[in-house]
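J.: Chain by chain, the residues run as shown.
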Amino acid sequence: MLALFLLLAATPLLADMPEGDARRGQLAFGPCRTCHYPEKVVGHNNGPSLWNIFNKKVGSQAGFDYYSDALKNADFVWTPALMDVWLADPQKFLPGNMMMSLGIPDAQDRADVIEYLKTFSE
Amino acid sequence: MTTDKTSLKRRALLGGLAAAPVLSTLPVSAAAARSDVKSWYASVDVVVVGSGVAGTSAAIAAGRDGARVLVLESLAKLGGSSAMSGGVVYAGGGTALQKACGIEDSVDAMRAYILAASGLYAQRDKVDLYCEQSPEHFDWLVQQGVHYEASFTNEKGLPGTTDSLYYSGSEQVHEFAQSIKPAPRGHVPGFKGWTGGRSLMEALIPSARRAGAKYLTGVNCERLIVESDGRVAGVTVQMDGETRHIRAKRGVILAAGGFIHNREMLSVYAPELAQCSVPWGNMGDQGMGIRMGMSVGGTAAQMHHGFAIMPLYLPDHVLKGIVVNERGQRFIGEDAYHAFLGHEIAFHQKGRAWLITDKTSQYGYDDYRVSEVARANSIQALEQKLGFAENALKDSVDYYNHHARKGGDPLLNKAKAYLSPIAKAPFIAYDLSVDKAFFPAHTFGGLRTNTRSEVLDAWNEPIPGLYAAGRTTAGLPVAPYIASGISVGDGSFFGRIAGSNAAGARS
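Quick note, the sequences are listed as chains H and D, same order.
For reference, each letter of the first sequence is one residue, going 1 to 122 in our numbering.
For reference, each letter of the second sequence is one residue, going 1 to 507 in our numbering.
Think of the hints as simulated: they come from the structure by calculation, not from any bench.
One or more of the hints may lead you astray.
Pair by pair, the computed Cβ-Cβ distance ranges are [as the list claims (entries may be wrong)]:
#1 H:Asp106 <-> D:Lys350: 24 to 32 Å
#2 H:Asn55 <-> D:Lys38: 51 to 59 Å
#3 D:Tyr368 <-> H:Ala62: 19 to 27 Å
#4 H:Ala62 <-> D:Gly230: 29 to 37 Å
#5 H:Asp69 <-> D:Ala96: 36 to 44 Å
#6 D:Ala76 <-> H:Lys57: 20 to 28 Å
#7 H:Asp89 <-> D:Tyr121: 34 to 42 Å
#8 H:Asn55 <-> D:Lys181: 53 to 61 Å
#9 D:Gly230 <-> H:Asp89: 36 to 44 Å
#10 H:Gln91 <-> D:Arg263: 17 to 25 Å
#11 H:Asp106 <-> D:Lys424: 40 to 48 Å
#12 H:Val42 <-> D:Gly145: 25 to 33 Å
#13 D:Glu461 <-> H:Ala22: 50 to 58 Å
Below 25 Å or equal to it, Euclidean Cα-Cα: the simulated DSS-like pairs (lysine-lysine) are [said to hold, decoys possible]:
#14 H:Lys40 <-> H:Lys92
#15 D:Lys436 <-> H:Lys118
#16 H:Lys40 <-> D:Lys394
#17 D:Lys394 <-> H:Lys57
#18 D:Lys192 <-> H:Lys40
#19 D:Lys394 <-> D:Lys416
#20 D:Lys156 <-> D:Lys416
#21 H:Lys92 <-> D:Lys77
#22 D:Lys77 <-> H:Lys72
Going by beta-carbon spacing under 7 Å, a handful of chain H positions derived as facing chain D [what the hints assert, rightly or not]:
#23 Gln26
#24 Gly30
#25 Ser101
If you're wondering where the values come from, they're calculated on a predicted model, not measured in any experiment.
By construction, the Cβ of each residue, glycine as well, lies at the ideal position given by its N, Cα and C atoms.
With the hints as constraints, model all of the structure from the sequences given.
T.: So this is what it looks like as structure tokens:
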């Protein structure tokens, strides 16, 4: 139910999402590297690895033991649209989560980061 | 700030309801008068603002000394930037770990290195105390349950292995080693991976709780509350959607980190760091502790200092290239510690630099830290593409190659291992500029404190009831950063001192 609601909530945003650029996203993703690495070879850090994150159920990266209850109890699959909502305001999206980010306010930056993350998948 | 305080006091003297709307329109972090506080939400001996290594070490010390301690954290997660760091503590002078690894060190050598590397900004009294008590401080960390392995590694950089002791600074570099006996002083919790900060805080926070400290999350501290005689009496906070006042009978300890995530403060105090592409640290690093301290007359120092990093290596074969500024000229030995390189670019080269490589020194793959911006079959064609003055880069490369062929670098003394002529096409330029490359930065500046961790005013007098530690203060870390572990070391050490002194203050 929650996932359905979130998807519905995300749909209009998806239509507004600017076209992302992975090259710009590489730099915009920089601060995220305090905790997250998308490269498969690096694995988990303070936060879970972001390798192959899309189409993966939330809070389910194997071998990461530090998920908050907010993420463990959530029930949806990561899509670019949901990632956009999450990155805009993580605390609003899943209150009580432990991600150390106030979010990425700029829609273009978010689209760029998402495009960049898409390049780290099988 | 003083004006705010004075006018507030005057208005408060006028009394009555008029004061209330005035208080609500004050900027966040301005001081509030004790007389305006109608009721306390809670009353403890010591309030600690921030739950990182400085705040938590303060909580342990104050709790052990019998004080009732409340730690206030603005975020949902405890541990601050410390918990996200490598968790290295710079310690020496013959710590138990150094001895267990068969390493000889002395307090004098440790002090000499810190003073020599820190240069003009070193605070001699703090450095003296830190070095003299370093072996005891390391024992204290072990007593709190931090786990170290009796194992030394000679590898460069933060060990991803379980080894707990390594060279975290430039002690072995010729400039220092010729006169100061080097010793490894990076003490890192003994677990695999680079999450030593998490391991450190996973030991310290439970230890603070065992000492009786209570933690509250989701509490935004906004103002210090000040008695009419200037003594700090508590804090005004936002929690559960309400404004509340919390009394601190013996003292308030500001340990709320630096200000790398506060763009406004960065542009005022550290514009060079504001240019860097990657603010590095916990999002709670908003400068709140510094501003609260300033609002009651605390003074700050070294506000433009920070950690600016250009992580050029590894792989280290790229160090066979040369780094040039917008004049096409070299300005640093490319094998310098990456905090030295970052500092040079950010503070002395207008934030702009390029790595020039040939076939043998190029990255050879797409690296997230840097972007290729020009490629050509001759140095002249490359410098044209980069927009440099004619022959500027060519002259630099010719001069460099001339000496590199003979195995020397008279201009900047790069190590022999990285000296080889830049001669084989294709020639590639990577942009190392602060806003184009992966360029992490965080802040070192903050409130001035004495060796009792008391916050000092403009006349060097302690502000009664106010203490600070960690990156809310101007402590041991100065720019360029001299070694990993100085910041967490300084925070934990002077945090303990803040806790003990606050606990011992009069009620």
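J.: May I ask which of the numbered hints given earlier this structure violates, with the numbers listed in increasing order?
T.: The structure breaks hints 4, 14, 16, 17; every other hint is satisfied.
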